[in-house]
Amino acid sequence: VSLTRRLVFGRNPRRTLIRILVLAGVSFVVFGWMLTPIRVRGISMEPAYRDGALNLVNRVVYRFRSPARGDVVAIRLAGPHVLYVKRIVGLPGERIAFVNGNLQVNGTALAEPYVLNRNPWDVPEVACGPREYFVVGDNRGMRAGDHDFGRVDARRILGTLVF
Amino acid sequence: MTRRAQAGLIVLVAVAAVGSWIWHTYASPEERAVRGRLDALAAEFNAATTDGLGTAIRAARLGQYFTEKVVVELGQGSPPIHGRETLVGMAARLQPRTAAFVLELDDVTIQLVDAARADVALTVVIRRRSMASGEESLDAREFSAEMQKDGGEWRISRVVAVDTLR
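Protein chains in written order, with our numbering: chain A, 1 to 163; chain B, 1001 to 1166.
Hints were generated in silico from the structure; no laboratory data involved.
Possibly wrong hints are sitting among the right ones.
Facing chain A, from chain B, some residues (calculated, C-beta under 10 Å) [said to hold, decoys possible]:
#  : residue
1  : A1017
2  : E1031
3  : V1108
4  : Q1111
5  : L1112
6  : D1114
7  : A1115
8  : G1134
9  : E1136
10 : L1138
11 : R1141
Per the computed footprint, the stretches of chain A lying under chain B, defined by three or more beta-carbons under 8 Å from a beta-carbon of chain B, are [claimed, not checked]:
#  : region
12 : 4–14
13 : 78–85
14 : 147–156
Every residue, glycine too, gets a C-beta built ideally from N, C-alpha and C.
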């Protein structure tokens, strides 16, 4: 058996084939339904997530617990290939507002150490429904009009970012 | 796990993968026609030109993808656009600006209501590269659309922007 053939197929080609098939099957299941690879585009989550960064979405996590404040989540639009990446700042039933750039939850200011740039956003109070979360990006240095944020239905939240 | 169980698991996963691929690849002929029409619309949009008469011709070509009485609702703050003529006029006027955009249609889901009507959900991604800085910006919006078979061709009769974040 030549060295090249041995390097490609291994000592036991049948076993190598089985390994390849198992690896392909596991990758198909894991990266298709459990850990979706994504590339972050845009600046709305800076500085935590920079434009072009690679990450994984853990799509299993919310089978074991509910989304929590501070979670960075992937939100699906029409499907799972284009996603919003935002941080959860409001939970179901809570009232959210921005006053002079500061986030208020039920009328009380929320400390947000992950926000480094802050423009004086003023957004009137909105109430989250029983299955709604309020999500927003970390980069508040942008104009509010250029930033997508608001209430999202829980069914649209695909999972959390791994890194 | 025994060797037989391992082999069974592998076959199961392989069958699931092939089944999924077939399901996504070989949809019904009408579904393929609708998808093809949307792909052609995106290609036509991306082929837009800024040169004089070309803009009017391209805009008219884009208009062929919509029904005569199309309604486009872009969401809060934008009044609905009624009719193909209005849309074509807007497309012609906006082409010098939209020529810098690349339009992609992602996550297209097609549901045939009957032989001549289809409901479509899709994400529209617009990429724009700044001529000055070379930086690329990207915007994504979710839309639902209704399509009708009109004169043997699938055309868009209604487009509504979906508020993913409210």
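Cross-check of the supplied hints:
1. A1017: 5 Å, holds
2. E1031: Violated. Min distance 15 Å.
3. V1108: Since chain A brings a Cβ to about 7 Å from B/V1108, closer than 10 Å, the hint holds.
4. Q1111: At about 12 Å, which exceeds the 10 Å cut-off, the nearest Cβ of chain A leaves the hint on B/Q1111 violated.
5. L1112: 17 Å, violated
6. D1114: With a closest approach of 22 Å, the B/D1114 hint is violated.
7. A1115: 24 Å, violated
8. G1134: Violated, about 13 Å.
9. E1136: Constraint on B/E1136 satisfied, holds at 8 Å.
10. L1138: Check passed: Cβ of B/L1138 comes within 5 Å of chain A, closer than 10 Å.
11. R1141: 7 Å, holds
12. 4–14: Since three or more residues must qualify, the claim that chain B covers the region 4–14 of chain A is violated, with 0 doing so at under 8 Å.
13. 78–85: holds (count 6)
14. 147–156: holds (count 6)
The structure does not agree with the numbered hints 2, 4, 5, 6, 7, 8 and 12 stated previously, though it agrees with the rest.
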